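Trainee: So the chains spell out like this:
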Amino acid sequence: MQRFFIRFRELVSCLTITIAACSALLWSTSAVAQQKKISFLTWNISDQEELFKEWIAEFKKIRPDVDVEWLDKKGPEFPAYYQTQVIAGTPPDIINTQGGLWLEYAAAGGLVDLTPYLTKDAEVRKRFNSDYLGSWVYESKNYMLPFYISKTLMFYNKTMFKEAGLSGSPQNFEQLMDFSTKMAKGEKTGMLTLNFDWLYWSLFKMNGVELLTADNKKAAFNTPKAVQVLDALIKATNNGGINKVSWTGRWVEPNGAFAAGNVGMLQAHSPAFFFIRGQAPWINSNTLGVAQAPGGWATPNSHGLGISKGSKNPDIAWEFLKMVTSQKWTERLSERRKVLTANIASDKTTLDKMHKQDPLAATVLQTQLEQTDKLTGNWPLANDSRIKEAFYPEIQNAVLGRKTAAEALKDAETKVNRVLGF
Amino acid sequence: MSGLTSIGPNISPSTRRKPSAASPGSKARRELILVWCFLFPSLAVFFLYRILPLIWNLVLSVQKFSIFGQSEWIGFAHYWALLDDEVFWMALKNTLLFIASAPCGIVIALMISLMVNTEIRGRNIYRTIVFLSYPLMTVAVGIIWRWMYDEKVGLFNFILRTIGLIDTPLAFLQSFELALPAVLLANLWQILGFYMIILLAGLQNIPQNLYEASAIDGASRTVQFFRITLPLLRPSLFLAFVVGIMTSFTSFDLVYVMTQGGPSHSTELLVTYIYKAAFELSRIDYAATLTVVQFVLLVTLTWLGNRLSGGEAGAGRN
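Taken in sequence, the protein lines are chains A and B.
Residue numbers for the first sequence follow our numbering, so the first one is 1 and each next one is one higher.
Residue numbers for the second sequence follow our numbering, so the first one is 1 and each next one is one higher.
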């Protein structure tokens with residue numbers, strides 16, 4: 001009998017614990033189920049942590065039932081991280097991409113088409129500079145909203161220009177090469193360009209060279225004019241007119257070289273200005289000139305915000321996007337990061353303030369809103385990275401002396417056509 | 001109710017236990033179960049994180065894989081595509097050159113080990129200095145060497161120009177001919193210390209009485225080296241060689257920091273190309289194919305190394 005009561009007590013204890021555990025689990029599950037969550041992944045902008053916390057706090061007021069998580073990854077880590085999250089079935093709801101990476105995701109069905117949202121919330125579409133908003137259109141569908149924008153421009157060292165007897169920025173490609181060669185003496189070189197994400201492409205485009213045919217199905221760059229342009233670039237690289245690090249460096253090296261004060265011109269996008277100015281005490285409005293590249297051609301390298309197809313809460317993600325691209329928040333971002341956002345009202349306010357506070361920076365940023373009808377180097381190609389990989393190493397082969405211009409372009413044409421399936 | 005005369009519990013004859021020692025068979029089985037219970041967690045982790053990814057990698061290599069949609073079976077199409085891929089052949093060639101540099105490093109490390117194994121003054125300091133490079137982060141090593149190779153402000157160009165060997169600076173990392181040797185040198189510098197430690201440990205395990213006995217028999221230093229030192233160092237040499245091969249296959253960080261595989265893939269290794277294929281070109285299936293090729297190469301080379309060193313990781317034929 002005693003044994004029976006002991007056993008019964010044990011059984012009751014076990015049952016009580018089990019019921020308590022199940023209740024706790026049910027309660028927590030239902031609590032979690034009521035609380036939704038979205039996450040957003042940004043590209044190398046961890047310096048804006050405070051801003052993102054403010055975004056999250058603001059959104060919490062609008063949607064108290066939604067938790068927001070922020071993640072940030074550096075550029076080289078971003079694709080690896082995002083792809084692994086997609087494969088795991090847990091993609092961030094909102095992603096911020098740079099350059100042409102969004103195209104691969106959109107073409108593979110990885111991003112939500114924002115066109116219906118933009119149609120429904122027409123006032124959101126009207127916020128933006130249409131040329132920049134159009135940077136994220138693929139097969140007539142708009143996949144992203146502008147987060148912050150940039151395109152290439154020419155920076156030039158006025159002191160080196162003066163020493164070489166030059167005044168004013170070059171107006172065409174021939175002048176560009178001529179100026180570069182004149183400034184190349186000893187340790188000094190004439191020109192640098194950034195080379196990632198097609199940022200050098202304006203050097204070809206300003207000469208009328210097209211990468212692909214109008215239907216984007218075949219390479220179109222292997223022309224006598226392109227050979228002539230590449231020959232000029234080879235010659236300038238050999239005689240010091242163009243610094244070799246233009247073709248082999250990515251960000252720190254070319255910008256650092258210009259900041260050192262030994263390079264006459266730099267073709268880079270607007271964020272480079274702030275990096276260079278941070279490194280170069282010599283930079284002020286008397287020593288640094290700013291201009292569009294000859295012909296006004298520029299490669300955009302903007303950041304966009306999109307919604308992952310795997311998002312479980314795309315409508316909530318859209319609400320969040322609407323909030324962060326509003327005038328209030330884009331002005332905050334512009335103020336803190338010294339960027340433009342393609343939000344028309346916000347950019348106007350930012351530039352008006354900046355012209356008073358930091359005229360040189362304002363001059364740089366002003367170029368980002370000029371000649372936006374001359375954006376180049378951003379083709380709507382799903383396999384953009386593969387085409388880049390097929391094309392650019394051949395350019396390197398030529399400018400670094402391994403092949404002639406004609407050979408390099410011929411080989412590049414073969415490889416690009418292979419990627420295009422032609 | 002006949003037959004039940006015992007005082008104890010009623011037990012029928014058929015179920016009465018036979019008095020016995022524990023049967024050897026059941027004891028062995030219990031021990032085996034115990035061994036498997038202890039092994040199982042590690043084996044499970046090994047299977048989950050090593051075997052399963054290998055199998056999955058193999059499956060990926062025969063698919064057209066999309067991270068966003070359905071995958072489809074395409075057979076060996078990726079393997080055929082490898083044959084036409086110039087970058088793959090370049091990466092393979094560079095990886096083999098990296099591997100071929102391992103014996104050079106081992107020879108240098110052996111010379112250093114022999115020196116610091118003698119009774120010279122300050123040998124501990126020399127050992128420390130040589131080994132210091134190994135624990136450094138490879139990224140830091142890459143950055144340091146990149147600056148030393150810099151065309152404008154680099155140490156090497158400064159030295160070479162000062163002593164009059166060159167008139168114009170050399171763009172080491174922008175040169176198709178010099179970039180790979182430059183990276184190889186940086187790699188060698190870093191790993192030399194580790195080779196030295198392995199070989200030094202091997203040298204110190206060789207019984208001194210063998211040298212004494214051979215000296216009595218009139219053997220010269222050279223004969224001692226080739227007849228005693230080298231054969232008994234075989235396991236250490238094998239280990240150093242395997243480490244060298246592994247480094248060649250895993251030098252992603254050094255190459256990525258110094259040259260990103262450029263200029264124009266002239267310093268591309270299989271491992272960097274795998275990364276680019278997977279994460280820059282979004283071709284995870286093709287990257288899986290490259291990984292399979294790299295795996296086969298690695299296993300083949302390790303097997304060859306084992307055979308050349310006498311089998312059993314260098315311990316055979318002793």
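By construction, these hints were calculated from the structure, which means they are not laboratory data.
Note that the structure is a prediction, hence the values are computed from the model and not measured.
Be aware that one or more of the hints could be misleading.
[Stated by the list, open to error] Just the calculated beta-carbon pair ranges, DEER-fashion: (1) B:Y126 / A:Q357: 57 to 63 Å; (2) B:F158 / A:W251: 56 to 62 Å; (3) B:V153 / A:A220: 36 to 42 Å; (4) A:A345 / B:W73: 48 to 54 Å; (5) B:P207 / A:E77: 26 to 32 Å; (6) B:V139 / A:S140: 51 to 57 Å; (7) B:S133 / A:E77: 24 to 30 Å; (8) A:W251 / B:T162: 27 to 33 Å.
From the three backbone atoms N, C-alpha and C, an ideal C-beta is built for every residue, glycine too.
Trainee: Which numbered conditions among the earlier hints are violated in the structure presented, ordered from lowest to highest?
Mentor: 2, 5, 6
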